[in-house]
Each structure stands twice: as structure tokens, then as C-alpha cells.
Amino acid sequence: MSQVSKVFPLDNEQQVEVKVKENRFDFEIDEMFAITQEEHSEFPFIPVSPCLGYSRGLYPEHPLLVGLLLGFLYHESLTGETDERIQTIAKAINSKNRSKMIQALNMVESNKLGHYPPTRFLGLSERAVNLGQSIFSLFDDDVMFLASTRDKIISHPPLLDHSDIVDPQERLFFYTKDKDFFDNDERVAIIDNHLLNGNSVLNLIKKIYDKCPERETYTVLTPIDLRSQSVKEAFSSLEKSLNIKINIISLMSFDVEITDIEHETKDLIQNELLDNQKHDTKVQYYSLRNVINDHFIVKAQNMLRDGTIHDNPYFISTGRFTLNGKEQQVSEDLFQRMGELLNDFLDDSPKFVIGIGEFMYVPLQIARYLPGKEIRVQGTTRFNFDSSTLRHSNKKISFMSPLERTITHYLYNLEIDQYEQIIVFVERLRHKTEIDDIVQQLKILGAKSILVIEMTSIAFNEDRHE
1277 MSQVSKVFPL DNEQQVEVKV KENRFDFEID EMFAITQEEH SEFPFIPVSP
1327 CLGYSRGLYP EHPLLVGLLL GFLYHESLTG ETDERIQTIA KAINSKNRSK
1377 MIQALNMVES NKLGHYPPTR FLGLSERAVN LGQSIFSLFD DDVMFLASTR
1427 DKIISHPPLL DHSDIVDPQE RLFFYTKDKD FFDNDERVAI IDNHLLNGNS
1477 VLNLIKKIYD KCPERETYTV LTPIDLRSQS VKEAFSSLEK SLNIKINIIS
1527 LMSFDVEITD IEHETKDLIQ NELLDNQKHD TKVQYYSLRN VINDHFIVKA
1577 QNMLRDGTIH DNPYFISTGR FTLNGKEQQV SEDLFQRMGE LLNDFLDDSP
1627 KFVIGIGEFM YVPLQIARYL PGKEIRVQGT TRFNFDSSTL RHSNKKISFM
1677 SPLERTITHY LYNLEIDQYE QIIVFVERLR HKTEIDDIVQ QLKILGAKSI
1727 LVIEMTSIAF NEDRHE
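Residues 1277 to 1742 in the working numbering are what the sequence shown spells out, letter by letter.
None of these hints come from the bench; they were simulated from the model. Be aware that a few hints might be false.
To be verified - When the alpha-carbon atoms are kept at most 25 Å apart in a straight line, the in silico PhoX-like pairs for lysine-lysine are as follows:
#1 1708 with 1672
#2 1671 with 1558
#3 1376 with 1649
#4 1388 with 1428
#5 1602 with 1671
#6 1428 with 1482
#7 1295 with 1558
#8 1372 with 1649
#9 1482 with 1516
#10 1455 with 1602
#11 1367 with 1388
#12 1719 with 1672
#13 1297 with 1372
#14 1521 with 1508
#15 1297 with 1282
#16 1388 with 1558
#17 1482 with 1455
#18 1649 with 1575
#19 1602 with 1575
#20 1367 with 1649
#21 1719 with 1558
#22 1719 with 1708
Stated by the list, open to error - Using C-beta positions, here's what the derived DEER-type ranges look like:
#23 1509 with 1649: 45 to 55 Å
#24 1392 with 1290: 45 to 55 Å
#25 1608 with 1575: 16 to 26 Å
#26 1582 with 1623: 39 to 49 Å
In this text, a Cβ means the ideal position worked out from N, Cα and C, and glycines have one as well.
Could you build all of it, start to finish, from the sequences and the hints given here?
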């Protein structure tokens, strides 16, 4: 039986008390919800969903199954019918057993779902993009998926853009090659990594409504619903003012309250940068561009924070520029081929697979086909969590983003000598030197080899070993 409540410390004076309201699949609180704090943040805490793979390494099948489970719940809400595979997926997630996760994932992929009218899925924020694509992948008809990005792509006017709630200096953009994305009878489903104040979701719904006022129903899909009564009232108020319906689907929902500390609680763990001697690690570089059809590459120009403009190829299997059901199926076949190609560089030893920022879904899929049983996948994040309730490890590394060197990324819950092989996936690189900072930091972990995989540049395959 899972917990029904938990107290998380904030500081010496306050704590966060969470009470489970809905937990259909009997998930543990710590598996779905953790608290982090970021220095200088206006928020007293930032929720994290450990099941998404941005705060710790997970088996590659784990985050994919979380998305598929939400997809089945969405289908259930539309049809009123419960697919018997729902319980199999939930049990596989709870088991923490990779073999059971693989069986559950294969069972779903062999028989996907269809529905009409089809849905337009939108992944909101970098930590929700892979979740959104996993949900979308359950359906094999005329569905479409559109991922948000922080990249300012000046060669393509955005379909939508709005400010990032957590980082007001940033904006999120939605670019599409299909200008009729919202023009028909399609349903709209918005995916976020959690719901707390709900502002980002509400703002996006307003923007979509401004473009398509005839759209009457929206669905929000999220692993954890943490909304207070006042936030729920804000959703109801928007429904009334726009004459729309907003459905919320989550795996767990909580009552969350910040209170004064009455009893002694465990302190938040302070995250520390790993500081150790760099090990003698073999480094290899390889591009998968030669197996990607040109249809799946979009050539674009993006502008960095300092105003620099770069010509960059984008891999549309990420969901940027939209992805339809047929393209998703082709992409899944391609991911398997890519994983099998990388077997030539790898053995059966424990592996750590890293996706850079928004680029997480593709590494998760490819990692499924790498050799060995002990494979963990984790995404980097721009958020510098000074402390957290994650009790796996308090060690982290920081490095300059290979895509924009003025932005620092972090990787959390690390242990030295845990993995023998590290594989870093990055969507695009202009020069190999752009990835050097993370490579040098990863050498601290003591792996025997680091393999850097780039997706969109043939020139990247020039031999380079260290």
C-alpha cells in the first residue's frame, strides 16, 4: 500500500505537506513527486516528476510507459472504455523491473490505438516534450504532435509563442510546417510535466483560443496535479469566460500546503558539484545523419541570446515542426536501426545515456536497442537545484550547453564508477569543440568510454578520438 501523505522540508521554519487525493495505480509518492529549490527563484519550491528522467537515470522504457499510461487514460476519457493493458503498464512501472517494462512496451507497440476526430498534441516545456511524444505515439491515425522549443528560429515564424513561467527571460515557441494545424475539428491536448499554478497551461489555451475561437474542448495531461483550490477556480473562470471545457488527466493528484514546521523533519539535501580526478576515458564521436532521410531534416536559422545567427539542421522526429502518425512510425523504425548500428561501438557493460535538454525522447528510444541490461537514461536541465528531496545522490555536474554556451546545464544524482560506458546524444553540433565541456565533466564519473552521438551533420563523422 502506497503512502497517503508526506512532509517535505523547505527550510528551518517551513515545510510542504502533500496529501494524496487520487492514485489509481498505487504509485509511491517519491516515484512521482519530489521537491527542489533553486537559488534566487521567486517560487518557494519547484516540483519535479522523477518518473520523467530529468532528475535521475531511469531504464529507457520507464518514461515511455509513463507517457503511454497517460495516453490510455486519455483514450478512456474519450471512449468510456478501459483498455486491459492499462494495468499491465502500471504494474510494470511499479515493478522497477526492466524485463517487465520491455514486455509491456512491446505489447502496446504491437497494437496501437486509433480515434476520430484525431488529436493535436502539444508538448509544453522541455521536461514535457518527451512525455508528450510518448502519449502521441500510442495513436496510429491522423494525430499530430508539436513540441515546444526555446530556440528562436528566425527562418520560420512561430505558430505560437509565450513566456516561460519558471524563467521569465525565456520564451517557448511552437513551429510547424503545417499551417493548418488548428484549422479543422481536431481535439487539442496539452502535455505538461506537472500542474501547480497552471499559468503556463492557461496562457497557452488563451493563445490557441485567440487563433481558433471555435475550439471548445481542451485536455491537459500531466503526471502530477498539484493545483490548489484557487488555481482550480482560475481554470473554471477561464472555462466560463471563453465558453470552453478544460479536462485534466493525471496519474496522481495532491493537496499541497506550505506550513510552519511542527515536528523535526529530514533536511533538504544540498546538491554538490562532483569534484574528483578526471579518469583516463576513451572518447569517440559519431553522426547518425547518413541513416536519416532528408524528409526528416529541416534546415533553419536560429538566433542565440547574443544575437548570433546560425544555420542549423533540425531533426523533425523530435516533434519540432510537427510530426504526424505515419512519420512517428517511420521514426520508431529508424530509432531501432540507429540503436542496432551503435552496437558496433558498445558492449554489454552498464551504460549511462544522456539527452541534452529538450532532446530526450530520441535517446530514450534508441537506448532500448543498445546492448546490455543495465542501461539508464537521463536528460540534462537548465535548472540549478541547490537542494532537493531526491535521496539517490546529491552529486551533480554542470557544463556549458553545446547548443548555446552562455547557458549552463546540470546533471543530477550521479555516482562515480557506476557506469562503464557513457553515451551522449545531441541533436546538432556545428563543431566538436561545442561538446567538449560536458565530455570533460563526464570523465569525472570514471567510465571507460564516452561516445558522443550527433544526428544532423555528416561532417561530424570525421575521425576524432581522445
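Would you check the hint for residue 1376 and residue 1649, treating anything up to 25 Å between C-alpha atoms as holding? This hinted pair holds, its Cα atoms lying about 12 Å apart.
Please test the hint of 16 to 26 Å on the beta carbon pair from residue 1608 and residue 1575. 24 Å, holds
Between the alpha carbons of residue 1372 and residue 1649, is the straight-line distance 25 Å or under? 13 Å, holds
Mind checking the alpha carbons of residue 1719 and residue 1708 for me, to see if they're no more than 25 Å apart? 16 Å, holds
Taking only the CA atoms, is the gap from residue 1482 to residue 1516 under or equal to 25 Å? 13 Å, holds
Quickly compare the C-alpha distance for residue 1428 and residue 1482 to 25 Å and report which way the hint goes. Roughly 21 Å between the alpha carbons, so the hint for residue 1428 and residue 1482 holds.
Residue 1388 paired with residue 1558 [C-alpha distance capped at 25 Å]: Status violated; Cα separation ~41 Å.
45 to 55 Å was suggested as the range; check whether the CB atoms of residue 1392 and residue 1290 agree with it. 49 Å, holds
Going straight from one Cα to the other, do residue 1602 and residue 1671 come out at no more than 25 Å? With a Cα-Cα distance of about 41 Å, the restraint between residue 1602 and residue 1671 is violated, given a limit of 25 Å.
For a C-alpha distance cap of 25 Å, please report whether residue 1602 and residue 1575 respect it. At roughly 21 Å apart (the allowed maximum being 25 Å), residue 1575 and residue 1602 satisfy the hint.
For the pair we were handed, residue 1388 and residue 1428, check the Cα-Cα distance against 25 Å. It is violated: about 34 Å lies between the C-alpha atoms, which goes past 25 Å.
Restraint status (C-alpha distance of residue 1367 to residue 1388 at most 25 Å): 19 Å, holds
The structure is inconsistent with the numbered hints 4, 5, 7, 16, 18, although it conforms to all the rest.
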